[in-house]
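Asks: Each chain is listed here by its residues.
There are 2 protein chains.
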Amino acid sequence: MTFLSGGIGGARLAYAFQQWNRRAGLPCAFTAIVNVGDDFTHLGLRVSPDIDSVTYHLADLGDQHRGWGRAGDTDAAIREVQRVLPEAGWFQLGDLDIAHNAMRTHLLTEGLTLSEVTAKLTARYGVDMRVLPSTNDPSPTRVRFSGPNGTSVDRGFQEWWVRDRAEPLPQSFEFPLVASTSPAPGVIEAISGADVVVIAPSNPIVSIEPILAIPGIREAVERVSAPVVGISPIIANKPVRGWADRCLQVEGVDCTASAVAERYGHRNEGGLLDGWLVDEGDVTSSRSFPGRVAASPLRFTRGEEDFQIVDALFELAAKCEMQRSVNSHRSVNSLIPQSERITHSV
Amino acid sequence: MTFLSGGIGGARLAYAFQQWNRRAGLPCAFTAIVNVGDDFTHLGLRVSPDIDSVTYHLADLGDQHRGWGRAGDTDAAIREVQRVLPEAGWFQLGDLDIAHNAMRTHLLTEGLTLSEVTAKLTARYGVDMRVLPSTNDPSPTRVRFSGPNGTSVDRGFQEWWVRDRAEPLPQSFEFPLVASTSPAPGVIEAISGADVVVIAPSNPIVSIEPILAIPGIREAVERVSAPVVGISPIIANKPVRGWADRCLQVEGVDCTASAVAERYGHRNEGGLLDGWLVDEGDVTSSRSFPGRVAASPLRFTRGEEDFQIVDALFELAAKCEMQRSVNSHRSVNSLIPQSERITHSV
Numbered sequence: 001m002t003f004l005s006g007g008i009g010g011a012r013l014a015y016a017f018q019q020w021n022r023r024a025g026l027p028c029a030f031t032a033i034v035n036v037g038d039d040f041t042h043l044g045l046r047v048s049p050d051i052d053s054v055t056y057h058l059a060d061l062g063d064q065h066r067g068w069g070r071a072g073d074t075d076a077a078i079r080e081v082q083r084v085l086p087e088a089g090w091f092q093l094g095d096l097d098i099a100h101n102a103m104r105t106h107l108l109t110e111g112l113t114l115s116e117v118t119a120k121l122t123a124r125y126g127v128d129m130r131v132l133p134s135t136n137d138p139s140p141t142r143v144r145f146s147g148p149n150g151t152s153v154d155r156g157f158q159e160w161w162v163r164d165r166a167e168p169l170p171q172s173f174e175f176p177l178v179a180s181t182s183p184a185p186g187v188i189e190a191i192s193g194a195d196v197v198v199i200a201p202s203n204p205i206v207s208i209e210p211i212l213a214i215p216g217i218r219e220a221v222e223r224v225s226a227p228v229v230g231i232s233p234i235i236a237n238k239p240v241r242g243w244a245d246r247c248l249q250v251e252g253v254d255c256t257a258s259a260v261a262e263r264y265g266h267r268n269e270g271g272l273l274d275g276w277l278v279d280e281g282d283v284t285s286s287r288s289f290p291g292r293v294a295a296s297p298l299r300f301t302r303g304e305e306d307f308q309i310v311d312a313l314f315e316l317a318a319k320c321e322m323q324r325s326v327n328s329h330r331s332v333n334s335l336i337p338q339s340e341r342i343t344h345s346v
Numbered sequence: 001m002t003f004l005s006g007g008i009g010g011a012r013l014a015y016a017f018q019q020w021n022r023r024a025g026l027p028c029a030f031t032a033i034v035n036v037g038d039d040f041t042h043l044g045l046r047v048s049p050d051i052d053s054v055t056y057h058l059a060d061l062g063d064q065h066r067g068w069g070r071a072g073d074t075d076a077a078i079r080e081v082q083r084v085l086p087e088a089g090w091f092q093l094g095d096l097d098i099a100h101n102a103m104r105t106h107l108l109t110e111g112l113t114l115s116e117v118t119a120k121l122t123a124r125y126g127v128d129m130r131v132l133p134s135t136n137d138p139s140p141t142r143v144r145f146s147g148p149n150g151t152s153v154d155r156g157f158q159e160w161w162v163r164d165r166a167e168p169l170p171q172s173f174e175f176p177l178v179a180s181t182s183p184a185p186g187v188i189e190a191i192s193g194a195d196v197v198v199i200a201p202s203n204p205i206v207s208i209e210p211i212l213a214i215p216g217i218r219e220a221v222e223r224v225s226a227p228v229v230g231i232s233p234i235i236a237n238k239p240v241r242g243w244a245d246r247c248l249q250v251e252g253v254d255c256t257a258s259a260v261a262e263r264y265g266h267r268n269e270g271g272l273l274d275g276w277l278v279d280e281g282d283v284t285s286s287r288s289f290p291g292r293v294a295a296s297p298l299r300f301t302r303g304e305e306d307f308q309i310v311d312a313l314f315e316l317a318a319k320c321e322m323q324r325s326v327n328s329h330r331s332v333n334s335l336i337p338q339s340e341r342i343t344h345s346v
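Top to bottom, those sequences are chains W and B.
In case it helps, our numbering puts the first sequence at residues 1 to 346.
In case it helps, our numbering puts the second sequence at residues 1 to 346.
Bound conformation, chain W alone:
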């Protein structure tokens, strides 16, 4: 199983997958492909917020209350920055978080790729799930605003998201370097060889789409023979966390589970999704999605609910696979005489 992941929502799903896997007594054969569009260099440190959220959750080191950063972290260093050079202190990094980013920076300086660094650090933390950056090439997400006299200005994603708390509403999100990036080693294989591809309940616009924009990744998802299923990041018309609503608004997408599914699109219509897992309250409004829709309570709790979500997801995937198999036979069938066609009951 391979899933595309942003930060917190993806990290919680990753943890659920890990616990599900462990309960099943299976060695972890899951791969996370994680957004690097939010990555930036801050205070000299190479910060990869989404990779870190996934890593910390898998290593059971994540702060559960905030959703990001390390549990029990202290903030001696960043408070000093805020005191002495407040203009550089807007991105909250705990002392353990700084240590983690300093290790990444050290290893990158030593010549390792981001993939290699991520593999090394996750291994040191005892994580057995494979965590892959979507790409080892820089591909920062930029946020564009209209400037005076018909001009436009852009800003780094973290400046807008964290420092400016997603204000004001931008014109667009851009991935200006993405065309010259390649998927990190193993990414295409992890998608092509997966028995299920999952799109995590992450921000579709600034977490999942930056992954899909890397040349080859969207195509690999489109072509995969396995079912592709997504989990809605929107519950009851609200993002579970963060300002996904504002990101959707920029793209003219309603903040609903069904609108996000439509944004990804149904595979039969040139989109990505075979199936869409929504919160129980969103089933009715999601009927417009032409693919298969299933429902489950979607809030991760690190308890029994997480297993239910994974079970519901895999059940949905299994149904989608069966459907695909039927469709594929149908299309094969259409080429062969009526009398020799295989028939299925679904």
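Keep in mind that the hints were calculated from the coordinates and are not lab data.
A couple of the hints might just be wrong.
Said to hold, decoys possible - Chain W regions said to be covered by chain B (calculated; three or more residues, Cβ under 8 Å):
| no. | stretch |
| --- | --- |
| 1 | 37-44 |
| 2 | 85-99 |
| 3 | 121-128 |
We treat Cβ as the ideally placed atom computed from N, Cα and C, and that holds for glycine.
Position chain B against the provided structure of chain W, taking the given hints into account.
Replies: Same frame as chain W, now just chain B:
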């Protein structure tokens, strides 16, 4: 007054100067020119150990017990590095120290020079003494060892000094990039315009000589009309701190106050020093130095003893100046008829 400074010894002298100045009720007109040969990039952070020691002491933030780092610092981040990636955890950086280095790195990344960063950070810490890096160009000190089969290998200074605790004894110290450096803005002017030039009780081989090796600095000290006086870093044949004895050994210099003075040389003999301030116990053995020698207890205490050291240093400088004035008149006198010569009683 301008002084050349390494780390801890220079930092303690800087603090003594500052307190002397404040007691005198004078605005600080002192300039520290600080070694950057120890600077390196570690864990992504641009570390300038000598500038930081001087800055921390002047800001009264320095750890007095260790001599380096910040008082009351915590070590959450570096302990995490040591736990997860021990190979990168050998350079002890407290959390506040990491904050300081992160701010330096941030400002350098923004395009400021090391001079500008140092001016900005010292100002933010409320330091009124001018602290200048010797150069804004990279000029790392390297440590060279004989390798197998007549080859040689080199190592960064901090790796040898901190990680390997000055083991083994190297063949030589080298400043491979120094020929292409320039003094930082203000350095030459601070020397040329000084009323006294002081060489701090710092490691002569790896703190002071890397400053003097920057093209133009030694020449400026040699040409300055003001007296040049040094304070011995050696007391009773031992370095006050660190492994200066090992550095001197590499260069074939005895670990004595007088041998260090001879290394700097007397101005009349093509060297740098007019006068040399030694510890009271080292007066007799320092008589071989052809310049003026004065004595004082040389251990900084941050109390009355510090004022005594500064007083003794300035008294020595005044005597050296008088002597230079006499000598200069003598040399002028030698050009004019005997009957018209000025005579002095010293």
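Asks: Look at each hint and say if it fits the structure.
Replies: Okay, the hints, checked on the actual structure:
Counting residues of the stretch 37-44 of chain W whose beta-carbon sits less than 8 Å from any beta-carbon of chain B gives 4, enough to reach three: the coverage restraint holds. Counting residues of the stretch 85-99 of chain W whose beta-carbon sits less than 8 Å from any beta-carbon of chain B gives 6, enough to reach three: the coverage restraint holds. Here's how the stretch 121-128 of chain W fares: 3 of its residues keep a CB closer than 8 Å to some CB of chain B, so the rule of at least three is met and the hint holds.
When held up to the earlier numbered hints, the structure conflicts with none and fits them all.
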